[in-house]
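Chains as they are written, first to last, in our numbering: chain A, 3 to 381; chain B, 280 to 457.
The set of hints was computed from the structure by calculation and includes no laboratory data.
Be careful, since some hints might not be right.
To be verified - Calculated cross-link-like contacts (lysine to any residue; reagent style SDA-like; alpha-carbon spacing at most 25 Å):
no., chain 1, residue 1, chain 2, residue 2
1, B, K387, A, Q288
2, A, K246, A, R305
3, A, K64, B, K387
4, B, K371, A, L24
5, B, K371, A, P106
6, A, K292, A, P106
7, B, K377, A, Q288
8, B, K371, B, P419
9, B, K416, A, I55
Unchecked claim - Quick look at which bits of chain B chain A covers, simulated, 3 or more residues with Cβ under 8 Å:
no., segment
10, 307-321
11, 325-338
12, 384-393
13, 438-452
Every residue gets a Cβ at the ideal spot worked out from N, C-alpha and C, and that includes glycine.
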Amino acid sequence: MSPGHPTDSSVSAAAPRETFVLNVGPQHPATHGVLRLKLTMDGEYVLHAEPVIGYAHRMHEKMGENRTYVQFLPNPSRIDYLSAMHYMHAYVCVVERALGIEVPPRAEYIRVITSELNRIASHLVWFGAFLLDLGAFTPLLYAFDDREKILDLLEAVTGSRLTYCYYRFGGLCNDVDEQFIEGTRAFVKHMRGRLGMYHKLVTENLILRKRLEGIGVISAELCRKYGATGPVLRGSGVPCDVRKLEPYSVYPEFEFDVPHFAEGDCMARYKVRMEEIAQSLRIIEQAIAKLPPGPVMAEKVPRVIKPPPGDYYFAVEAARGRFAIRLVSDGTEVPYRLKLRTPSFSNLALFGEAARGLLMQDALALLGSLDLVIPDVDR
Amino acid sequence: MAEQQAKWLSCAEGGAGSEPGSLVRFARLEQLLDWGRANSLWPLTLGLACCAIEMMAAGAARFDLARFGAEVFRPSPRQADVMIVAGTVNWKMAGPIKTLYDQMLEPKWVIAFGNCAISGGPFVFPGQYAVVEGVDKLFPVDVHVPGCPPRPEALIEGILELEQKITGTRRWPRVKTA
Chain A
3 MSPGHPTDSS VSAAAPRETF VLNVGPQHPA THGVLRLKLT MDGEYVLHAE PVIGYAHRMH
63 EKMGENRTYV QFLPNPSRID YLSAMHYMHA YVCVVERALG IEVPPRAEYI RVITSELNRI
123 ASHLVWFGAF LLDLGAFTPL LYAFDDREKI LDLLEAVTGS RLTYCYYRFG GLCNDVDEQF
183 IEGTRAFVKH MRGRLGMYHK LVTENLILRK RLEGIGVISA ELCRKYGATG PVLRGSGVPC
243 DVRKLEPYSV YPEFEFDVPH FAEGDCMARY KVRMEEIAQS LRIIEQAIAK LPPGPVMAEK
303 VPRVIKPPPG DYYFAVEAAR GRFAIRLVSD GTEVPYRLKL RTPSFSNLAL FGEAARGLLM
363 QDALALLGSL DLVIPDVDR
Chain B
280 MAEQQAKWLS CAEGGAGSEP GSLVRFARLE QLLDWGRANS LWPLTLGLAC CAIEMMAAGA
340 ARFDLARFGA EVFRPSPRQA DVMIVAGTVN WKMAGPIKTL YDQMLEPKWV IAFGNCAISG
400 GPFVFPGQYA VVEGVDKLFP VDVHVPGCPP RPEALIEGIL ELEQKITGTR RWPRVKTA
């Protein structure tokens with residue numbers, strides 16, 4: 003028992019001090035998949051939290067080493083299935099960097115539009131699931147309704163609803179049509195109105211504020227210690243965004259802000275993600291207005307992908323934070339090593355320290371605000 | 280005595296000799312129960328990977344699984360009728376998932392939702408060490424729904440297929456493919 007623990011004052015000196023271990027998961031509605039938590043509890047308070055991972059390990063890194071570059075194309079979208087576009091983006095870009103392929107501007111613009119649509123869809127799933135954790139069912143239905151509109155748009159151009167395999171080395175597999183452009187324009191308009199409604203309905207809700215404000219405070223120092231990125235880091239007041247700090251694709255051509263809030267509590271992370279939806283809408287609007295004509299595939303893409311020997315690295319800002327691929331090529335058709343740096347893993351790592359001393363239900367609110375995707379943790 | 284037995288038998292077969300109040304009611308009660316079960320299948324909340332998102336989408340506003348009485352997702356296996364295995368099962372997860380299946384009360388059914396649950400899906404290669412190549416290696420599966428991931432409509436079709444398996448009749452006309 004650490005001194006200064008919140009129960010110290012409430013437990014009388016005569017009462018026996020007993021702790022117990024509470025197992026949460028791997029099948030538990032609050033763990034969003036198959037995460038398991040070993041919580042050492044003192045009554046309702048968490049003394050010690052230990053995440054147990056590996057229940058969704060799918061060998062992605064190993065698969066990268068035993069198949070050709072093209073054969074690995076469907077995999078990145080299944081690592082973090084909610085931000086499939088960003089993961090595809092990182093993978094095709096690292097191979098393009100290795101091969102030195104120039105991607106036509108139209109393809110990059112469409113990549114940005116589809117990536118940002120995917121970011122909104124991902125944040126909408128988080129919005130619904132997070133509030134479901136906190137006991138509100140209705141927002142899930144609204145969020146999934148809006149998400150279906152994005153999925154319809156993306157399905158029309160990519161052919162799938164969730165695990166997109168749309169990007170290719172050197173461009174895209176097919177161009178977008180006028181219907182997609184019109185539909186996206188209409189969606190941006192629609193989503194702005196819905197965001198206003200969400201803020202009225204949810205953000206200003208007193209019960210929500212009481213459950214999130216001042217709960218699960220994560221300091222910027224703690225984020226640095228564990229390498230947390232994305233909305234978790236921005237919710238601790240650090241305006242860190244790969245799109246701004248290490249600009250890739252055509253992001254430097256757009257005006258957008260990096261929302262960040264210094265409070266570091268669950269509410270700050272909530273506000274970051276809601277504000278990011280608005281910023282993504284801004285980017286999409288600009289990208290559609292500037293969308294240049296032209297081809298969507300580079301001309302000189304080799305039929306057999308054999309990057310020259312070397313060490314290549316590419317990072318993107320996925321919906322959950324910094325996703326990076328380190329590719330080591332030995333000059334053959336198969337990668338020598340494909341290291342995946344996934345944001346959920348680092349974001350989960352700080353949970354044990356951040357959850358110490360919280361009430362059980364606040365710890366679950368903290369877990370929900372980290373927005374974990376378990377196959378992304380386990381790879 | 281023999282006469283009575285012959286009468287019961289003919290009743291059980293629904294023959295001409297059936298009369299109200301006789302044993303034939305048991306056969307009909309079974310049908311009634313099946314009808315009730317098929318109309319309110321309570322699935323276990325078991326989201327494993329990508330397919331779980333499509334399962335959530337099927338339960339949400341647009342696809343509205345509630346129309347088929349199967350939207351009451353239960354976190355406890357004791358309260359669930361059908362286990363929708365939505366996602367990849369690896370060997371670390373195989374133990375817990377088998378326990379969950381064993382904890383469910385009879386009668387129980389299993390839907391293998393998605394390629395991973397059916398056969399290991401895209402994660403099968405020579406020398407793979409993690410993925411269970413099909414949950415039918417762990418327990419019996421009633422309905423297979425293929426796709427990577429399957430669409431929410433496919434889950435609804437799977438539920439209707441399971442209903443047909445339970446009651447023997449299809450509640451909704453089959454969609455004809457062009």
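These are the hints, each one checked on the structure:
A hinted pair counts as satisfied when its Cα atoms are at most 25 Å apart, and K387/B with Q288/A does not qualify at roughly 53 Å. With a C-alpha separation of about 34 Å, the suggested pairing of K246/A with R305/A is violated against the 25 Å cut-off. With a C-alpha separation of about 37 Å, the suggested pairing of K64/A with K387/B is violated against the 25 Å cut-off. A C-alpha spacing of about 20 Å is found between K371/B and L24/A, which places the hinted pair at or below 25 Å, so the restraint holds.
The hinted pair formed by K371/B and P106/A fails the criterion: a straight-line CA distance of about 44 Å is larger than 25 Å. Under the criterion of a C-alpha separation no larger than 25 Å, the hint pairing K292/A with P106/A is consistent with the structure, at around 14 Å. With a CA separation close to 51 Å, the supplied pair K377/B and Q288/A exceeds the 25 Å bound. In summary, the hint linking K371/B to P419/B is supported, as the alpha carbons are separated by about 19 Å, within the 25 Å threshold.
Taking the CA atoms of K416/B and I55/A, the gap is about 23 Å. The hint holds against a cut of 25 Å. For a cut-off of 8 Å, the count of residues in the segment 307-321 of chain B with a CB near a CB of chain A stands at 0, and the three-residue condition is violated. As drawn, the segment 325-338 of chain B meets chain A at 10 residues by the rule of a beta-carbon pair under 8 Å; at three or more, the given contact holds. Closer than 8 Å: that is the beta-carbon criterion, and the segment 384-393 of chain B has 0 residues meeting it against chain A, so the requirement of 3 is violated.
Only residues whose beta carbon comes within less than 8 Å of a beta carbon in chain A count, and the segment 438-452 of chain B has 0; fewer than three means the coverage is violated.
The structure shown violates the earlier hints numbered 1, 2, 3, 5, 7, 10, 12, 13.
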